[in-house]
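Student: Protein sequences, first through last, are from chains A and B.
Heads up, the first sequence stops at 486 in the numbering used here, and the numbers go up one at a time, no gaps.
Heads up, the second sequence stops at 367 in the numbering used here, and the numbers go up one at a time, no gaps.
Rather than coming from a laboratory, the hints here were simulated on the basis of the structure.
Heads up, a few of these hints could be off.
Label-pair distances were calculated between CB atoms; the ranges are [unchecked claim]:
hint, chain 1, residue 1, chain 2, residue 2, range
1, B, Arg266, A, Thr401, 49 to 59 Å
2, A, Ile223, B, Asp304, 43 to 53 Å
3, A, Gly287, B, Pro270, 50 to 60 Å
4, B, Asp333, A, Gly275, 21 to 31 Å
5, B, Leu265, A, Ser283, 26 to 36 Å
6, A, Glu179, B, Pro273, 56 to 66 Å
7, B, Arg266, A, Gln389, 41 to 51 Å
8, A, Ile223, B, Leu265, 29 to 39 Å
9, A, Thr174, B, Asp356, 33 to 43 Å
10, B, Arg206, A, Ala198, 49 to 59 Å
11, A, Thr258, B, Glu353, 51 to 61 Å
12, B, Pro273, A, Pro429, 33 to 43 Å
Taking beta-carbon pairs under 7 Å as the criterion, some of the chain B residues facing chain A (in silico) [stated by the list, open to error]:
hint, residue
13, Met258
14, Gly267
15, Leu271
Covered stretches of chain A (in silico footprint by chain B; criterion: 3 or more residues with CB under 8 Å from a CB of chain B, positions within the stretch not fixed) [what the hints assert, rightly or not]:
hint, segment
16, 183-191
17, 194-204
18, 460-468
Cβ atoms here follow ideal geometry from the backbone N, Cα and C, with glycine treated the same way.
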Amino acid sequence: MRHLLSTTDLTREDALLILDTAAELARVTDRAVKKLPTLRGRTVVNLFFEDSTRTRISFEAAAKRLSADVITFSAKGSSVSKGESLKDTALTLEAMGADAVVVRHQASGAPYRLAHSGWVGCSVVNAGDGTHEHPTQALLDAFTLREHLGDLQGRRIVIVGDVLHSRVARSNAHLLSTLGACVTLVAPPTLLPVGVETWPCAVSYDLDEALEGADAVMMLRVQNERMNAAFFPSTHEYSRRYGLDTRRAALLSDDAVVLHPGPMNRGMEISADVADGARSVIVEQVTNGVSVRMAVLYLVLGARAEDQGGLLPAAEAVPA
Amino acid sequence: MTSSPEPEGSQGPVARVLDAADISRVVGRISHEILERTNGPADVVLLGIQTRGVPFARRIAVRMGEIEGAEIPVGSLDITMYRDDIRLRGPRPLEPTEIPAGGLDDRIVVLVDDVLYSGRTVRAALDAISDVGRPRAVQLAVLVDRGHRELPIRADYVGKNLPTSLAQSVRVHLSETDDVDEVLVLGGGA
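Kindly generate the complete structure, drawing on both the sequences and the hints.
Tutor: Written out as structure tokens, the structure is:
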């Protein structure tokens, strides 16, 4: 695998390899020297056309822990704000000798275009494109779930909120079902995308019913910056029907956990006492994000140009 | 750094150079040699290099423990992230690295591997150790030394010196991972 563009591209084996690799890399964090020499001399470019703090910092920390050189390129204050096209930006990066590009773009499909256009020869990692996918977020969510629940086979996971605008929901629905979990989406009908019936998950409009006995619930941020129409009558009504509060959290199974990709709208989709409660693993998600992104960068950058298939090169004899 | 099994017999003759009884005697001798060289087991930590260095290290630790009546700390080291050939060979899955609770600072660390060949694995392991702690000394124990070093590295404890040609390959099978204890030389005119 030279690129990570979408969780739909990942087989169960690929996903488990990334998660197992991340689990080993997580232990580097406990050491005195929190650095590995693996990607020494390689250059990772963070290409962010859209604002992001935690994803960008997380990728930066991951690349630096693997000893790669990191160049961060934000649209604001760069040539992109002067109207440079994606192609010209890509050619610039190629000319600078980037080995991997981590790209976030407001247009769905931009990372795919970058990877398959022939503009750049380097690896492309999708850090969120439009309303399409955010694969590393889904991988860190799956990693966090596995730490708490073990094998996800048959586990019931509920994803609640603004599915329409959420690349996190789409990536998670596919990845978690690949890992064997039963995913239920809960959202107002206006905040479900067209074609959601083709996703590998169930859809419900009743949050209380869906939460009954569930093993995990993932609250999505209500993306106010994308709310260009009247998707729901008022924030109060949204919060009452689709917000997670203490009463609703009590419906979950005993060992259930609460996730949120951040940043949270406290009091809107999640109440403060649940966000800070014992079931909340929201801070762990951030920690795990670094380990998962280290695993992705290692596997993507380690792949040789001729390996187009799975994550690992074809088995070959290694001299003893 | 022993390879995964591949169809054997396709490489010509197979010679079994060590059997289960030989390997057991090697474990016993190396255990005594380590104890002699380090003046007893105090401060000794054994670290097996993934994958087959690990069961070999555990066997030596058990034998040393029997001799001295003390428990010898033993751990494992995965050196994948320290290899110098990731760009050539591509990524591999990681195995667990377990450092014993006492850490490595001021200890005598005995690295344990199954086969010593180019020396590049040991080079990577030395780098990995220096990121974990600062041992007083690092020594190297191997089951088989087959020669053809590419780096200035030698073993302190050797189970068997095995002159080989580059055309041959050495396979170590240990019962923990392969159901049988043996060392084979494949190919060439062995």
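Student: Does each hint hold? Answer for all of them.
Tutor: Going down the list of hints, with the structure as the test:
1. B/Arg266 x A/Thr401: 49 to 59 Å: holds (54 Å)
2. A/Ile223 x B/Asp304: 43 to 53 Å: violated (28 Å)
3. A/Gly287 x B/Pro270: 50 to 60 Å: Violated: the Cβ-Cβ distance is about 26 Å, outside 50 to 60 Å.
4. B/Asp333 x A/Gly275: 21 to 31 Å: Hint violated: Cβ distance 58 Å, outside 21 to 31 Å.
5. B/Leu265 x A/Ser283: 26 to 36 Å: holds (28 Å)
6. A/Glu179 x B/Pro273: 56 to 66 Å: At 19 Å between Cβs, range violated.
7. B/Arg266 x A/Gln389: 41 to 51 Å: holds (43 Å)
8. A/Ile223 x B/Leu265: 29 to 39 Å: holds (32 Å)
9. A/Thr174 x B/Asp356: 33 to 43 Å: holds (40 Å)
10. B/Arg206 x A/Ala198: 49 to 59 Å: Cβ of B/Arg206 to Cβ of A/Ala198: about 35 Å, so the range 49 to 59 Å is violated.
11. A/Thr258 x B/Glu353: 51 to 61 Å: holds (53 Å)
12. B/Pro273 x A/Pro429: 33 to 43 Å: holds (35 Å)
13. Met258: holds (4 Å)
14. Gly267: holds (4 Å)
15. Leu271: holds (4 Å)
16. 183-191: Coverage by chain B holds for the segment 183-191 of chain A (5 residues, Cβ < 8 Å).
17. 194-204: Satisfied; 7 residues make the cut.
18. 460-468: holds (count 3)
Checked against the numbered hints above, the structure breaks hints 2, 3, 4, 6 and 10 and satisfies the rest.
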